[in-house]
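Got chain C sorted already, so can you dock chain D onto it with the hints?
2 protein chains.
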Amino acid sequence: MGSSYRAPLEDMRFALYDVLGAEQLFAKLGFDDASRDVLDAILQEAARFTETVLAPLNEIGDREGCTFDKATGDVRTPRGFREAYEKFVDVGWSGLVSPVEFGGQGMPHLAGLPLKEMIDAANLAWGNFPLLSHGATEALLHHGEAWQQDAFLKPIVEGRWTGTMCLTEPHCGTDLGLLKTRAQPREDGSFDITGTKIFITAGEHDFTENIVHLVLARLPDAPAGSKGISLFIVPKMRVDRDGAMGERNAVRCGALEHKMGIHGSATCVINFDGAQGYLIGAPNKGLMAMFTMMNTARLAVGLQGLGLSDRALQNAVRYSRDRLQMRSLTGAKFPDKPADPIIVHPDVRRMLLTCKALVEGGRVLGYHGASLVDVAHHAKDAGDRQQAEALLGFLTPIVKACLTEWGVECTYHALQCFGGHGYIAEHGMEQLARDARITTLYEGTTGIQALDLMGRKVMQQQAVGLQVFLGMIEEFCNAHANDESLAEFIAPLRAKAAEWQALTMQVGQRAVADADEVGAAAYDYLFYSGYVALAYWWARSVAAADASSQSAAFKAGKRETARFYFARLLPRTAMHAQAIASGAGALMAMPAERFGD
Amino acid sequence: MGSSYRAPLEDMRFALYDVLGAEQLFAKLGFDDASRDVLDAILQEAARFTETVLAPLNEIGDREGCTFDKATGDVRTPRGFREAYEKFVDVGWSGLVSPVEFGGQGMPHLAGLPLKEMIDAANLAWGNFPLLSHGATEALLHHGEAWQQDAFLKPIVEGRWTGTMCLTEPHCGTDLGLLKTRAQPREDGSFDITGTKIFITAGEHDFTENIVHLVLARLPDAPAGSKGISLFIVPKMRVDRDGAMGERNAVRCGALEHKMGIHGSATCVINFDGAQGYLIGAPNKGLMAMFTMMNTARLAVGLQGLGLSDRALQNAVRYSRDRLQMRSLTGAKFPDKPADPIIVHPDVRRMLLTCKALVEGGRVLGYHGASLVDVAHHAKDAGDRQQAEALLGFLTPIVKACLTEWGVECTYHALQCFGGHGYIAEHGMEQLARDARITTLYEGTTGIQALDLMGRKVMQQQAVGLQVFLGMIEEFCNAHANDESLAEFIAPLRAKAAEWQALTMQVGQRAVADADEVGAAAYDYLFYSGYVALAYWWARSVAAADASSQSAAFKAGKRETARFYFARLLPRTAMHAQAIASGAGALMAMPAERFGD
Chain C
1 MGSSYRAPLE
11 DMRFALYDVL
21 GAEQLFAKLG
31 FDDASRDVLD
41 AILQEAARFT
51 ETVLAPLNEI
61 GDREGCTFDK
71 ATGDVRTPRG
81 FREAYEKFVD
91 VGWSGLVSPV
101 EFGGQGMPHL
111 AGLPLKEMID
121 AANLAWGNFP
131 LLSHGATEAL
141 LHHGEAWQQD
151 AFLKPIVEGR
161 WTGTMCLTEP
171 HCGTDLGLLK
181 TRAQPREDGS
191 FDITGTKIFI
201 TAGEHDFTEN
211 IVHLVLARLP
221 DAPAGSKGIS
231 LFIVPKMRVD
241 RDGAMGERNA
251 VRCGALEHKM
261 GIHGSATCVI
271 NFDGAQGYLI
281 GAPNKGLMAM
291 FTMMNTARLA
301 VGLQGLGLSD
311 RALQNAVRYS
321 RDRLQMRSLT
331 GAKFPDKPAD
341 PIIVHPDVRR
351 MLLTCKALVE
361 GGRVLGYHGA
371 SLVDVAHHAK
381 DAGDRQQAEA
391 LLGFLTPIVK
401 ACLTEWGVEC
411 TYHALQCFGG
421 HGYIAEHGME
431 QLARDARITT
441 LYEGTTGIQA
451 LDLMGRKVMQ
461 QQAVGLQVFL
471 GMIEEFCNAH
481 ANDESLAEFI
491 APLRAKAAEW
501 QALTMQVGQR
511 AVADADEVGA
521 AAYDYLFYSG
531 YVALAYWWAR
541 SVAAADASSQ
551 SAAFKAGKRE
561 TARFYFARLL
571 PRTAMHAQAI
581 ASGAGALMAM
591 PAERFGD
Chain D
1 MGSSYRAPLE
11 DMRFALYDVL
21 GAEQLFAKLG
31 FDDASRDVLD
41 AILQEAARFT
51 ETVLAPLNEI
61 GDREGCTFDK
71 ATGDVRTPRG
81 FREAYEKFVD
91 VGWSGLVSPV
101 EFGGQGMPHL
111 AGLPLKEMID
121 AANLAWGNFP
131 LLSHGATEAL
141 LHHGEAWQQD
151 AFLKPIVEGR
161 WTGTMCLTEP
171 HCGTDLGLLK
181 TRAQPREDGS
191 FDITGTKIFI
201 TAGEHDFTEN
211 IVHLVLARLP
221 DAPAGSKGIS
231 LFIVPKMRVD
241 RDGAMGERNA
251 VRCGALEHKM
261 GIHGSATCVI
271 NFDGAQGYLI
281 GAPNKGLMAM
291 FTMMNTARLA
301 VGLQGLGLSD
311 RALQNAVRYS
321 RDRLQMRSLT
331 GAKFPDKPAD
341 PIIVHPDVRR
351 MLLTCKALVE
361 GGRVLGYHGA
371 SLVDVAHHAK
381 DAGDRQQAEA
391 LLGFLTPIVK
401 ACLTEWGVEC
411 TYHALQCFGG
421 HGYIAEHGME
431 QLARDARITT
441 LYEGTTGIQA
451 LDLMGRKVMQ
461 QQAVGLQVFL
471 GMIEEFCNAH
481 ANDESLAEFI
491 APLRAKAAEW
501 QALTMQVGQR
511 AVADADEVGA
521 AAYDYLFYSG
531 YVALAYWWAR
541 SVAAADASSQ
551 SAAFKAGKRE
561 TARFYFARLL
571 PRTAMHAQAI
581 ASGAGALMAM
591 PAERFGD
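Protein chains in written order, with UniProt numbering: chain C, 1 to 597; chain D, 1 to 597.
Worth flagging that the hints you see were computed from the coordinates, not collected in a lab. Just to be clear, a hint being listed does not mean it is correct.
The list treats identical chains as one, so a pair stands whether inside a single copy or across any two.
[Unchecked claim] Taking lysine-lysine and the BS3-like style, the derived pairs with C-alpha atoms no more than 27 Å apart in a straight line are:
1. Lys154 x Lys87
2. Lys337 x Lys285
3. Lys333 x Lys227
4. Lys380 x Lys28
Extracted from the complex, chain C is given alone in its bound form (with noise of 0.2 Å):
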């Protein structure tokens, strides 16, 4: 049985169009191709394409796993796993919003969004696989030279190849500054690579034909740390600079990893054993060539999270409905039935609003998110590109580790509404719940996004990113003043923007004086800052659904879930205030011997 999907096209419409302005914004920012009929293509053919072919793998994949072949080092994907890859490269979705030049299809980045949530939601382990490819396409576009953009961007646009990212080695994931890999230069311009990379997702594979590596390593004379440390393409096939793919390159899978969840996605250990590559960008600026992808790579983890709340919450409803269990507190709803479906129950209405909240609102959030990379890229105006790209560096870390830790939150809650069964294989409920948790790790986890948050974009920048936000804060704020129907949600909203600002204030100035401060506040203050933003972004969507052409239920809908955000979710912020306030003492008092043995 498993798990259903279905693609939530009418609440993704919502969230583009009546919320986010998406027509008019692509309009402005020189898309002249995406037009509202397109971006609708694209959402029915993606609900398909996911729907039939994607979701029903999903429990394929968690049963069957990647196989590993010891002798041959190669990997082998779930049953029909390939397949759907061919189907994906057919309807040209690798290119969906690569520049045209390079065989893409020149389509924004929000655009991509819907498609992105589907995929998650419909077979997170597969779409692990076009992923990776989406970073590799960035580090190429953005860092490599012609012959290599031509050589190996073109290829992976096209989905010939697919890409991978090489960064974690054995005794170091967050802190690169250790690692350990050699690129020792050759006469002819290209590099030995040498070295042990773990935790490659896609590493290795039997979708295609060639593997692009982008492998961080240090040169002979690498400074120590962080700053020695640069960037290369090492590719599975040998390529020449004409683009030729020659013979098999020094390019090994060791292992696979054995894993709680994502079964059907490689997760591999790969050996670079004197493994030809070139380098990519400036020689020691390898992590600030990363940094260029960290901003798309981060919010598409956070559109995992998402994703995997849709689904779940999709499954606990229709469970919820039909479960039929007790009756209602204040006396039976359906007396012809031998019980009430659960759904009449409070405590299973509480579980399934705080998904639904989370989703939807979480959904605007990470596409607003999304948005600020087209406008950080393609805004005429110098001004606006610089104001979206601070935004969009403080938001991100915000998207990434709320939308993940919402995912973990609501794959629970889901399987919590099914009891006992949730906890069956059967269900494919604790499969969700198995693969969310993988979220809120890679890609830094929620405490590096935290620290991210508030040491780099707080206070080495000065908040400039809040500031803007701030401001969208009190437009909005200000716009609908005088509006009675929204004046539930903007009192409430108001109050807690000024908290964030003085939070902020009093978090910068403790930091002064001790520097485990900001280390002390970041978790608290993500938090805060992003159940703040929800509130934000559920007002609106109550003011964007009122003033839409939608149905008269679909505006009681999002009303009644904002009430429900504001009434249940929003008290968070009370905690994480305290928590804040309470500062690093609590933290930093015990030695490290006394923790336990």
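Only chain D this time, still in chain C's reference frame:
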């Protein structure tokens, strides 16, 4: 590799002797054999058994799982499980807390708790086999006729047979009033039992020659709903009234469930096909008989959450002291190493201290609950027994729900400390997370615990248990009113106790007008209660440590953890209080069809 486990004997002794005064309590209740020497010997031997026998089998159990032979209906447990059970029985632990007259050791219930916690931490899946025997023991003890006790109770206490509880059917779990299994009287006074039960833990296995199922079923003339359910003893191998074991009964395992975790635990579909059974207790009073064992069963599942939390914490602490990654924000703490151990980072400490505060505080909370079972049964004074019974009823859903939800939370944090490595099976952290996930589902979901607390213990019983607990808090606060060293805890504790009282009144008043207010407040009320209860136990722990002969380091550790708890976790009450105050409106407004397709 997997995760490791070391029994926390020092903290267990602290909880038992210094905080809860177990020695004095046992003496007062007339347990003359439960001296400190005896208890310490049990602790030592339990630590040895669980650390060296059970813990190493934990990973094997997960990997191998139980296997089902469709042809015979037999279930094989994982390698080593059966031998471990034999050792367990040889030591006499199957009867540790059972009465001497039935072959038990007659120890108080509380004295069995540390052993229980160690078993759950070492090997949750294995622990379910003896746990289910304990449930059957209680049913037979309180409701069995003399011949039933001789025939069935003795072999279970001696560990020669095991027991099960057969409640759930495919269409009913929480709502047992819907159950369909039938009992047809035979001429000899026994019954033919026919029906299908699911989710039967330890329903079939290779540990013992017989299994005693306690089965809920309906007599032919039974009233509809929950008032027409009777309890029956249905052994796998037939047993006559003299206790002689005969041929195979018509009881058969139909399938094993494939679960998210506790793979080593046999979760069976059990088919009764006219199997011979004996009525236990009065006809149509089966649910009431089940209720008598509910408190201890729920406390026991709470302990499972506690055990897993502790094991997860232990491994996360070790990893966080070993794993080198980045420098402290306040400058290198170990400049001679390539990076600092991650335990220097505030956010890692946040996760570890959260677990530590919930584990050590939760241990006292859980053990205290267990001590009430002893008082309720053995206190000389009827008023004392009654008061303990009321407090036990009030605290049981809190202990069950909090310790299990905290188990999910702590295994989450501990895995998170490992970063991506936590997601890999090799480290064993993901197994702990998967195993913990069942505990908030079985023996009544968290939502059901909340409803039991709010509906039954607060509304129906006028919160009499709460008043007892508030009395304990007040007594403690008054006794330490002039104690400067405790002032930082006493003041907020007093404030929270007053708020607890006020919130209870508030919900009670609203519920008079609208019964859905009970369900709407239940979840948040339960956790509000849990965090205030934990604040009390943390304040008492600091007081108890200071008054004890523990080392200065131990005392400092308790104070530091208590401070963390008050600064960082007690603020969760603010969120719960706001959610309670918001009422049922936001939960109940949306029509069922609007939740989604």
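Comparing the hints with the structure gives:
In the homo-oligomer, the alpha carbons of Lys154 and Lys87 lie at most 27 Å apart inside one protomer (18 Å), although the nearest pairing across protomers, at 65 Å, exceeds that limit. Only between protomers do Lys337 and Lys285 lie at most 27 Å apart by alpha-carbon distance; the minimum there is 25 Å, versus 68 Å within a single protomer. Proximity of Lys333 and Lys227 under a CA criterion of 27 Å is satisfied inter-copy only: 21 Å between copies versus 66 Å inside one chain copy. When the C-alpha separation of Lys380 and Lys28 is checked against a cutoff of 27 Å, the pair qualifies only within one copy, where the shortest distance is 8 Å, while the shortest distance between copies is 83 Å.
In summary, this structure violates none of the numbered hints.
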